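Undergrad: Each chain, letter by letter, is given below.
2 protein chains.
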Amino acid sequence: MPATPPSPRPGRGGTGSTRLDSYVDRYAARTAGMTASEIRALFSVASRPEVVSLAGGMPNISGLPLDVVGQAIDELVRSHGTTAMQYGSGQGDPHLREQICDVMRLEGIEGHPDDVVVTVGSQQAVDLVTRIFCDPGDVVICEAPSYVGALGVFKAYQVDVVHVEMDEHGLVPSALREAIAHVQAAGRRIKFVYTIPNYHNPAGVSLSRERRPEILEICREADVLVLEDNPYGLLGFDDEPSRALRADESEHVIYLGSFSKTFAPGFRVGWALAPHAVREKLVLAQESATLCPPSFSQMAVSSYLTSHDWLGQIKQFREMYRERRDAMVEALDDMMPAAARWNVPTGGFYVWLTLPPGLDAKAMLPRAVTARVAYVPGTAFFADGFGAQSMRLSYCYPTPERIREGVRRLVGVIEEELELRETFGAALPSREAARSGYDAPGSELA
Amino acid sequence: MPATPPSPRPGRGGTGSTRLDSYVDRYAARTAGMTASEIRALFSVASRPEVVSLAGGMPNISGLPLDVVGQAIDELVRSHGTTAMQYGSGQGDPHLREQICDVMRLEGIEGHPDDVVVTVGSQQAVDLVTRIFCDPGDVVICEAPSYVGALGVFKAYQVDVVHVEMDEHGLVPSALREAIAHVQAAGRRIKFVYTIPNYHNPAGVSLSRERRPEILEICREADVLVLEDNPYGLLGFDDEPSRALRADESEHVIYLGSFSKTFAPGFRVGWALAPHAVREKLVLAQESATLCPPSFSQMAVSSYLTSHDWLGQIKQFREMYRERRDAMVEALDDMMPAAARWNVPTGGFYVWLTLPPGLDAKAMLPRAVTARVAYVPGTAFFADGFGAQSMRLSYCYPTPERIREGVRRLVGVIEEELELRETFGAALPSREAARSGYDAPGSELA
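Going down the list, the protein sequences come from chains X and L. For our numbering, count along the first sequence from 1 and bump the result up by 42. For our numbering, count along the second sequence from 1 and bump the result up by 42.
Worth flagging that the hints you see were computed from the coordinates, not collected in a lab. No experiment lies behind these values; they were computed from the predicted model shown. Even for Gly, the Cβ is constructed at its ideal location relative to N, Cα and C. One should not assume that every hint holds.
Covered by chain L, according to a simulated footprint, are these stretches of chain X (three or more residues, beta-carbon under 8 Å) [as the list claims (entries may be wrong)]:
| no. | segment |
| --- | --- |
| 1 | 164-176 |
| 2 | 319-327 |
Examples of chain L residues lying across from chain X (beta carbon under 7 Å, computed) [claimed, not checked]:
| no. | residue |
| --- | --- |
| 3 | A71 |
| 4 | M100 |
| 5 | P107 |
| 6 | V111 |
| 7 | Y129 |
| 8 | V162 |
| 9 | I174 |
| 10 | M362 |
Taking the hints into account, I'd like the entire structure generated from these sequences.
TA: This is the structure in structure tokens:
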């Protein structure tokens, strides 16, 4: 996620977006689907120090032992530098792929290193899977709401997203079954169901243990693949890690993992575990995209896993995030108007909050930023314009004190909006028209 | 380039390629264009220690000062670790982009850091440029022969490649003009001319100073962009770096650079310098592809540039590669049959060798590997089946002694082939049919 605003451009007035783009008639059709996300546009304001940003998804890595990491990497360069700085395999470092299998075993997955492909963050895994499977006009089924970065990929590959309802137990099986039947009845091709089963971004919910076999069975029956995206699975606050969908189904599931939240995102090391034939295509796609993922990053992560108590570190991360979750939920309980609703996540980074009826999170955002608090409007997490009444609140990065202060400011803005509505009447907030025929009840999540 | 063969897979017989792919009817149309390159298939044999590999394009980085690099990175982690290990900007680190502009100034380019996009190696830059510009069926013009990695990208985006003749002075202007006219007359859209003007991979030639303005003028007139790929520009053996095409034309040229050959490939840090509007699209494409390029890699490269005499290091690289070029050319002069032809590169990594008439480099390869020498058959560098009589010989990685031994073995194989031909008559070697209407005279290069 881009955390640094573009450097100022001395000697040129304004940004490029105000100029005519003389290349506009040369771009590929897919490029029309590449637009700046609402999250991206936010960062330039949200990163100002006076703003409490509840917007970003940056992990807090200040707890990492920099001396241990620095020394491990220095040692890596001195002992294996010419390998770490050389081209590597398109599939990724064999030793790291073994360690990745150890990590996945914590979620019940018995994977083979030869079925793992290392990617430039799990974002690239979403990109490569979509690249090999999706033609323009194909359908991908996503939760409502869904991860903004994945929606961006689907848009860039001209895929049609169909959203399916979630509730407090995650994806709703009957709604999934119905959506699949509806799309297939229309003669359209569903390439996969994209799902984040644990500590969902942005919804904060997890797929219940009871529903997991049912979701798998529905996809198997309909002969639809599952793309299981699991960056937060080890970041539960109370429970042991949930059993992955991939643990019980190896042929219909492509599993994506990442070290971005359990170690650090700056190395950009994620992975896909895929059925063997799909893995082969992913390696070819990776070679075409980058020749190979960075050897240095991979070996640095590998050294860290070897030289440090990484599970102990994850435990520390979980405790820190739980404390911040508590701070946010307590602040919401204390201050938020009764008509607002939100969930209490049991892991991960996010609370999904639905505003009192009639309020529009997107329209309200400029006022919030003026009040020095930022969030992501719910519309960012829908392909179809829904979500205006909701927002994603992140508790991962700010301190508990800042979180409370951020919620206080947010509540101030909401109360002002409610007063305005009371004074000037209930004009409905602006809302983009829904383009999908499916119900996308993001506001039912809380 | 994948240097490590896939790890063996205990408990499973054979590789996936021998099994049926049950996902085959699910892939996107573009996936049919993703096939294992001839280079890739080679690596599993060519990396055996008893084989002299003249096949790979891996730079020799054994001369890098590992203690300096290790210490610089250790220091980086301790002083800026939480930035280096965090998400960064999708466009790339602002300080590194300034340093990249310093590097490009050596080739006469006055670029602005805000027009630079950092990529995961310049391979990813080719991928992203193609992604934003090319629809299936669009035409890209390439030299004959052209870089195998770029051809792979064009194939994966379902682009039609039209090859244009080169001679010892590089791309032939009249041939370029004719090809553009021919394609445009057929009503087809040329998205760009992809060219490697310096120390071409695989042809080993450079575009002459006299031709550069002419090539630019032809493209301007025809309103066709130029994609200038320049990984080897600073690796000339005798001369100062050539003035880049981009130095004299900023609106019609997208310039690609890389630290893979001037520092080390394992960080995967390359870049694109593009007109401002195109740069904006590239950043969006980068965010969709990876969220952001690895912060750690970028800051490691940046530290190296700051803390080390990187230009002095490049001088050492040039001297080492010149010595190896000399070893190869001397060995070819001493031993190769008179009917073979090759060029003498003035920089870079490659000699392009054309076999005596009637011999087929691709058909001969298994015999060469049996004789413990490997090369890349010329067909890998054409989109249209040409090049069977030629091969790429790399002198970048093996020592001068090994290069001489490799050439000796190669000459043995060629002489045996010639004897067989004399004994059994001049049956033409197998040759794939050309699919392009253009002459692709790869064998005229030497």
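Undergrad: Could you run down the list of hints and mark each one as holding or not?
TA: A quick look at each hint next to the structure:
Using a Cβ-Cβ cut-off of 8 Å, 7 residues of the segment 164-176 of chain X lie near chain L, which meets the minimum of three, so the contact claim holds. Restraint check on the segment 319-327 of chain X versus chain L: 7 residues with Cβ-Cβ distances below 8 Å, three needed, restraint holds. Because the beta carbon of A71 (chain L) sits about 5 Å from the nearest beta carbon in chain X, less than 7 Å, this interface hint is met. Nearest Cβ of chain X to the Cβ of M100 (chain L): about 6 Å, under the 7 Å cut. The hint holds.
Contact between P107 (chain L) and chain X, as hinted, is not supported at the beta carbon level, the nearest pair being about 10 Å apart and thus beyond 7 Å. Given the 7 Å rule on beta carbons, the hint for V111 (chain L) holds: about 5 Å separates it from the nearest Cβ of chain X. For Y129 (chain L), the interface hint holds, the least distance from its beta-carbon to any beta-carbon of chain X being 5 Å, beneath 7 Å. Taken as an interface hint, V162 (chain L) checks out: its beta carbon lies about 4 Å from the nearest beta carbon of chain X, inside 7 Å.
Of the supplied interface hints, the one on I174 (chain L) holds, with its beta-carbon coming within about 5 Å of a beta-carbon of chain X, less than 7 Å. Interface restraint check: M362 (chain L) against chain X, minimum CB-CB distance 14 Å, threshold 7 Å, status violated.
When each numbered hint is compared with the structure, violations occur for hints 5 and 10.
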